[in-house]
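Chemist: Spelled out, the chains give:
Protein chains: 2
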Amino acid sequence: MRVLVPFAAETPKTRLESVLSPAERVAFARAMLADVLRAIVETGHEPTILATAPLELAAPGLELPDDVATAVSVSVDERPLTDAVNARLPDGDATTADAVAVVMADLALATPDALERLLTGTADVAIAPGRAGGTNALVVRDPAFTVDYHGASYLDHCAIAREVGATIETIDSFRLGTDIDEPEDLVEVLVHGRETDRALAYLRKVGFELDDRDGRVGVRRDEQSMTETR
Amino acid sequence: MRVLVPFAAETPKTRLESVLSPAERVAFARAMLADVLRAIVETGHEPTILATAPLELAAPGLELPDDVATAVSVSVDERPLTDAVNARLPDGDATTADAVAVVMADLALATPDALERLLTGTADVAIAPGRAGGTNALVVRDPAFTVDYHGASYLDHCAIAREVGATIETIDSFRLGTDIDEPEDLVEVLVHGRETDRALAYLRKVGFELDDRDGRVGVRRDEQSMTETR
Chain A
281 MRVLVPFAAE TPKTRLESVL SPAERVAFAR AMLADVLRAI VETGHEPTIL
331 ATAPLELAAP GLELPDDVAT AVSVSVDERP LTDAVNARLP DGDATTADAV
381 AVVMADLALA TPDALERLLT GTADVAIAPG RAGGTNALVV RDPAFTVDYH
431 GASYLDHCAI AREVGATIET IDSFRLGTDI DEPEDLVEVL VHGRETDRAL
481 AYLRKVGFEL DDRDGRVGVR RDEQSMTETR
Chain B
281 MRVLVPFAAE TPKTRLESVL SPAERVAFAR AMLADVLRAI VETGHEPTIL
331 ATAPLELAAP GLELPDDVAT AVSVSVDERP LTDAVNARLP DGDATTADAV
381 AVVMADLALA TPDALERLLT GTADVAIAPG RAGGTNALVV RDPAFTVDYH
431 GASYLDHCAI AREVGATIET IDSFRLGTDI DEPEDLVEVL VHGRETDRAL
481 AYLRKVGFEL DDRDGRVGVR RDEQSMTETR
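Protein sequences, first through last, are from chains A and B.
Residue 281 is where the first sequence starts when you use my numbering, and the numbers rise one by one after that.
Residue 281 is where the second sequence starts when you use my numbering, and the numbers rise one by one after that.
Accuracy of the hints is not assured; some may be wrong.
Note that the list lumps identical chains together, so a pair holds whenever it fits in one copy or between two copies.
[Unchecked claim] 25 angstroms max Cα-Cα, derived SDA-like pairs, lysine to any residue:
{"id": "1", "residue 1": "K485", "residue 2": "A439"}
{"id": "2", "residue 1": "K293", "residue 2": "G487"}
{"id": "3", "residue 1": "K485", "residue 2": "A379"}
{"id": "4", "residue 1": "K293", "residue 2": "V499"}
{"id": "5", "residue 1": "K485", "residue 2": "D436"}
{"id": "6", "residue 1": "K485", "residue 2": "G401"}
{"id": "7", "residue 1": "K293", "residue 2": "G495"}
{"id": "8", "residue 1": "K293", "residue 2": "D465"}
{"id": "9", "residue 1": "K485", "residue 2": "L435"}
{"id": "10", "residue 1": "K293", "residue 2": "E443"}
{"id": "11", "residue 1": "K485", "residue 2": "L361"}
I should point out that these hints are in silico values taken from the structure, not numbers from a laboratory.
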């Protein structure tokens with residue numbers, strides 16, 4: 281199975297602009313990408329970064345360790361996500377070897393266990409939905425299926441699968457369902473990140489910690505750390 | 281196993297006040313409760329509503345069908361959630377019969393399949409986390425364990441389990457991880473609700489529908505429906 285990891289290489293994570301500087305957003309996005317790639321490699325697959333611009337595996341903040349880097353390749357495609365993914369979906373006889381998985385680069389909570397549940401099914405289309413109707417990860421085993429990432433893509437992908445007669449499996453995973461887009465999502469990294477996760481380490485390094493002083497759980501940032509890293 | 285469903289019977293779902301009137305919030309909360317109870321009954325368990333005030337199973341908006349109502353009982357406890365739950369946790373020899381599950385009443389996406397994953401484990405403590413460090417559902421099989429629902433309760437519950445030497449299992453479920461608290465959460469009911477779900481039917485009845493006109497998926501409410509139901 282081919283596993284694609286789409287990555288906005290140039291101006292990632294703009295919706296975090298209220299809490300992270302542009303340089304910090306690049307570093308944090310790369311840390312999440314590194315975590316996602318490592319989790320995929322640990323499932324025994326060799327992921328391809330589908331990048332919007334050229335990207336070195338040794339780039340600052342990405343700096344993949346050798347055991348991960350040897351399993352990872354980069355494919356550059358400047359087109360919108362939907363077009364870039366559709367150009368790489370199965371076009372053959374839908375053998376297992378021809379199946380394609382698409383795993384978003386901001387699934388900072390993805391673990392090998394959660395990914396195994398996605399990657400080992402037999403349905404023609406397997407989808408791990410995200411919040412607000414998004415498609416955080418999917419597997420395509422039917423060459424008639426195409427993606428459309430605009431809007432409530434989970435519902436659109438279910439509809440497209442039905443149209444082409446493809447069987448659908450929905451993967452019920454909190455970890456795969458959590459994409460890190462907004463400042464409030466950083467809570468999830470601080471709560472569920474594993475000690476070996478680069479994204480968790482990065483947030484701690486730049487001064488984020490959990491904050492439940494007002495009775496609800498959010499994040500706060502240490503001003504000193506902010507000054508040092510900006 | 282005893283299955284408790286805590287329910288704020290009097291002023292439920294206050295964080296939905298910007299989109300639902302007080303009467304509507306009561307009706308919607310009861311519809312979600314009815315869905316959760318039905319899903320639990322479909323797993324073969326007989327849930328107890330742990331209510332903050334007396335509640336009739338035939339109350340308007342709840343109106344449990346006979347096959348569900350016969351399996352459901354009500355226990356009234358006016359104390360805060362943590363105290364009411366702790367009073368009902370295992371106090372015996374932690375046999376299977378003595379285990380206690382606690383499933384929140386606003387898990388509108390809960391399905392029998394997702395609940396089975398929670399209820400059929402063997403760990404001393406099984407937790408389905410929600411967003412922002414919450415504990416949406418848990419199973420307690422160790423009489424030394426106690427709950428504390430304040431703050432980032434998922435982390436607290438993991439810490440309490442470690443302190444008493446209890447084994448922990450985290451249930452990785454998008455459906456159990458989605459509690460319906462805020463207006464933006466209504467999207468999840470509209471996207472993932474099943475056609476037989478009362479909560480989905482209620483939202484449609486009062487005029488809610490998905491709205492992706494601004495490029496992101498939210499909900500909008502038909503003004504005509506709002507006038508009719510307020």
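Chemist: Take the hints in turn and mark each one as holding or not.
Modeler: Consistency of the hints with the structure:
Taking the shortest Cα distances, K485 and A439 sit within 25 angstroms of each other only across copies (23 angstroms), while inside one copy they are farther apart (43 angstroms). In this assembly of identical chains, K293 and G487 lie within 25 angstroms of each other by CA distance solely inside one copy; the values are 18 angstroms within and 34 angstroms between copies. For a Cα distance limit of 25 angstroms, the shortest separation of K485 from A379 qualifies neither inside one copy, at 39 angstroms, nor across copies, at 41 angstroms. Both within a single protomer and between protomers do K293 and V499 lie at most 25 angstroms apart by alpha-carbon distance, with minima of 17 angstroms and 24 angstroms respectively.
Taking the shortest alpha-carbon separations for K485 and D436, only the inter-copy value of 23 angstroms comes in at or below 25 angstroms, while the best intra-copy value is 39 angstroms. For the homomeric pair K485 and G401, neither the shortest alpha-carbon distance inside one copy (38 angstroms) nor that between copies (37 angstroms) is at most 25 angstroms. Taking identical chains as interchangeable, the C-alpha atoms of K293 and G495 lie at most 25 angstroms apart only when they sit on different chains, with a minimum of 16 angstroms there against 28 angstroms within one chain. Taking the closest pair of Cα atoms, K293 and D465 come within 25 angstroms of each other both inside a single copy (12 angstroms) and across two copies (22 angstroms).
In this homomeric assembly, K485 and L435 come within 25 angstroms of each other (Cα to Cα) only across copies, at 21 angstroms, whereas the closest approach inside a single copy is 38 angstroms. In this homomeric assembly, K293 and E443 never come within 25 angstroms of each other (Cα to Cα): the closest approach is 33 angstroms inside a single copy and 38 angstroms across copies. In this assembly of identical chains, the alpha carbons of K485 and L361 never lie at most 25 angstroms apart, being 31 angstroms within a copy and 36 angstroms across copies at closest.
Hints 3, 6, 10 and 11, counting from the list given before, are not met by this structure.
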